[in-house]
Amino acid sequence: NAGVTQTPKFQVLKTGQSMTLQCAQDMNHEYMSWYRQDPGMGLRLIHYSVGAGITDQGEVPNGYNVSRSTTEDFPLRLLSAAPSQTSVYFCASMRRGASYNEQFFGPGTRLTVL
Amino acid sequence: AQTVTQSQPEMSVQEAETVTLSCTYDTSENNYYLFWYKQPPSRQMILVIRQEAYKQQNATENRFSVNFQKAAKSFSLKISDSQLGDTAMYFCAFSGAGSYQLTFGKGTKLSVIP
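Top to bottom, those sequences are chains E and H.
The opening position of the first sequence corresponds to residue -10 in this note's numbering, with each subsequent residue numbered one higher.
The opening position of the second sequence corresponds to residue 893 in this note's numbering, with each subsequent residue numbered one higher.
By construction, these hints were calculated from the structure, which means they are not laboratory data.
Only pairs whose alpha carbons sit at most 25 Å apart, straight line, appear in this in silico SDA-like list of lysine to any residue: (1) H:Lys970 x H:Gln936; (2) H:Lys947 x E:Arg84; (3) H:Lys970 x E:Phe93.
Just so you have them, the derived chain H footprint on chain E, three or more residues with Cβ under 8 Å: (4) 35 to 49; (5) 92 to 100.
None of the values given here were measured: they were computed from a predicted structure.
For glycine and all other residues, C-beta sits at the position ideal for the given N, C-alpha and C.
The shape of chain E in the complex, shown without the other chains (with noise of 0.2 Å):
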């Protein structure tokens, strides 16, 4: 049982370019998320789903796609980087009806944009 696993670790993008963050559970966890964490800022919710074929907005989603075709996966894309999106990346995923809403934690990504 790997729980939520994140690629890739580390990430260097120019401006303009595109790229996918990957993340992967194997819990069967109905409820998967992204989240960015900005130094001063703690982490903010980009984009969730609560199912496959589900997603939807958080609090900072502009710049970022999702989509959710399995149970298990949930890519976040970066269609067009900006400097702006330098930053630590987390992926998260709970059971629905969990106790205490727990949510587990990928190990998370970095990216840098030039």
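Start from chain E and add chain H according to the hints.
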């Protein structure tokens, strides 16, 4: 919308001493969950302790305990017998009972001094 405020950007404590990290929140919901997460330099998000709003009793987990004051909307974390391994960023977080989303504070950087 909910907000979570951590008013102490940085704190330090001597090894073996006790330290309290502050957190206040604002919500109109009556049932919700509160969390403290630890983020060591590895950047992994580690759940330290959690509290259900309708439970009067303060949660404890070994050396970690909380002081939950629902009327004051306060949720402080006390770390007893501080250890060098407690050096980390600590985030307070809120989740409505019917929500899948976490709202985080900006964090407190705790340093344990030998």
